[in-house]
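Peer 1: Chain by chain, the residues:
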Amino acid sequence: MVSNSDFVGRDIISVGDFGREELLFLLDAADRFESETRPLLAGKVAAALFFEPSTRTRLSFESAMGRLGGCCIGFAEGGVSSQAKGETLADTVRVVEGYGDLILIRHPREGSARLAAEFAGVPVVNCGDGAHQHPTQTFVDLYTMRRECKRLDGLHVVFVGDLRYGRTVHSLVTTLGHFDARLTLVSPSFLRLPKELRRELQEREVDFTEAQKVEPVIADADVIYVTRIQRERFTDPLEFEKAKDAFRIDNTMLHKAQPGVAILHPLPRVNEIPPEVDSHPHAAYFRQAHYGVAVRKAILGLLLGQAGEDTA
Amino acid sequence: MSRQPTYKVSALTQGTVLDHLRARSALRALRVLRLPPDTTIMVGVNLPSKRHERKDLIKIEGYELTQEEAAKVALISPDATLSIIREYDVVQKTELTLPVTFRGLIRCVNPSCIVHEERVPGLFRVEGNDPVSVRCEYCETSFAEEFFEFL
Ligand SMILES: [Zn+2]
Chain A
78 MVSNSDFVGR DIISVGDFGR EELLFLLDAA DRFESETRPL LAGKVAAALF FEPSTRTRLS
138 FESAMGRLGG CCIGFAEGGV SSQAKGETLA DTVRVVEGYG DLILIRHPRE GSARLAAEFA
198 GVPVVNCGDG AHQHPTQTFV DLYTMRRECK RLDGLHVVFV GDLRYGRTVH SLVTTLGHFD
258 ARLTLVSPSF LRLPKELRRE LQEREVDFTE AQKVEPVIAD ADVIYVTRIQ RERFTDPLEF
318 EKAKDAFRID NTMLHKAQPG VAILHPLPRV NEIPPEVDSH PHAAYFRQAH YGVAVRKAIL
378 GLLLGQAGED TA
Chain B
670 MSRQPTYKVS ALTQGTVLDH LRARSALRAL RVLRLPPDTT IMVGVNLPSK RHERKDLIKI
730 EGYELTQEEA AKVALISPDA TLSIIREYDV VQKTELTLPV TFRGLIRCVN PSCIVHEERV
790 PGLFRVEGND PVSVRCEYCE TSFAEEFFEF L
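So the sequence lines, in the order shown, correspond to chains A and B.
Under the numbering used here, think of the first position of the first sequence as 78, with each following residue one higher.
Under the numbering used here, think of the first position of the second sequence as 670, with each following residue one higher.
Bear in mind the hints are in silico, worked out from the structure with no lab data behind them.
Mixed in with the good hints, there may be bad ones.
[What the hints assert, rightly or not] Between beta-carbon pairs, the in silico distance windows are:
(1) B/Ile710 x A/Pro314: 55 to 61 angstroms
(2) B/Gly713 x A/Asp83: 36 to 42 angstroms
(3) A/Pro352 x B/Ala813: 46 to 52 angstroms
(4) A/Gly231 x B/Thr735: 54 to 60 angstroms
(5) B/Arg755 x A/Glu282: 40 to 46 angstroms
(6) A/Ala167 x B/Thr708: 36 to 42 angstroms
The beta carbon of each residue, even a glycine, is placed where N, CA and C say it ideally should be.
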């Protein structure tokens with residue numbers, strides 16, 4: 078049985094550290110924390126070390142901390158920090174742990190959050206370490222799916238776009254393996270899910286198929302998870318123009334989908350979802366961003382020993 | 670009576686014998702060990718073996734491998750045996766084994782890994798035995814022995 082004590086003081090580094098029951102426990106906590114307005118974290122300080130900018134993640138954590146009565150300190154760019162003066166990450170962490178009750182870290186190097194956690198005496202939350210992990214984003218994605226679909230088990234999830242470089246996609250496909258999901262992976266051939274990940278899915282007997290067109294595969298989709306295809310990935314600008322049009326979702330296409338389909342996107346979006354889709358009742362990507370606050374409230378609360386239960 | 674071909678390698682006065690190395694791993698092991706250039710070394714490759722079909726063998730005259738060097742050999746050829754010889758006598762014989770986790774010895778294969786920037790020794794978890802493969806505990810990249818770059 079998972080309990081609150083499993084989370085108190087814990088580091089949140091990689092989704093691989095969380096099993097099915099722990100994930101469900103976290104999502105349940107997010108349900109409770111969504112409406113939580115008591116200053117449970119009054120007097121608590123989160124120290125945000127953002128060695129590269131990420132406005133959304135930072136704002137989402139600041140909002141979560143603020144809504145629970147705590148506050149956030151920190152910097153938002155490596156250039157102005159001690160890193161520019163040649164200080165090691167280990168030293169920065171050892172200094173900052175004295176300033177906060179937990180550390181939020183975003184860093185371009187893979188594995189940096191785990192390293193920070195080794196040196197910190199307070200819990201560390203990974204807010205993105207290079208191409209490696211961004212676990213709270215994955216929790217938000219799962220939470221959104223459960224909220225929008227009213228269940229998490231046995232969903233058919235269609236991933237569309239850049240599946241090769243998309244960190245959010247990598248974490249999410251492996252995590253969905255805990256929930257008996259059926260995955261359809263739609264991407265240009267050179268932006269397929271990496272081979273090692275496909276092998277991992279096979280070994281774990283996760284049901285997945287690959288496709289190169291969106292339209293034929295969305296009829297029974299419960300979730301369509303769209304990601305941005307970046308121009309930088311293409312050597313040929315013409316190929317980019319073709320791909321950008323081929324891997325977008327519009328209202329005509331959505332007529333072929335189930336009425337209850339949830340459309341997710343980690344944002345920011347560019348062309349892959351045109352504004353006409355925004356009014357679709359199940360265009361969930363802005364709600365997804367908002368759920369981020371509830372999920373992060375739950376994480377902050379649990380790590381700092383507040384379960385958010387109704388104590389009345 | 671078996672008619673196994675015999676081979677002759679002269680006995681050591683003192684030094685180290687690595688026996689039961691995986692076939693064709695001896696030269697890799699020697700490259701990794703970087704022994705002093707004037708060391709006398711005898712190497713047998715693809716020798717007949719009772720345990721496995723073939724094995725390699727290394728005899729190093731006048732040099733006793735350190736624990737760290739032995740640990741590196743274990744990553745290339747787990748289950749090899751290491752004997753320390755003094756005055757023609759085996760004074761210590763150990764079976765090499767793969768650790769569950771280990772620090773240092775090799776570099777993480779991922780150029781974006783934090784360990785390269787922080788200059789902390791890597792931390793690895795052994796995932797496979799044949800071929801040996803590990804996972805970096807920081808960036809979680811898995812890679813096999815052929816990609817090991819020894820320190
Ligand atoms: Zn690494």
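Peer 1: Tell me, in ascending order, the numbers of any earlier hints that this structure violates.
Peer 2: 2, 5
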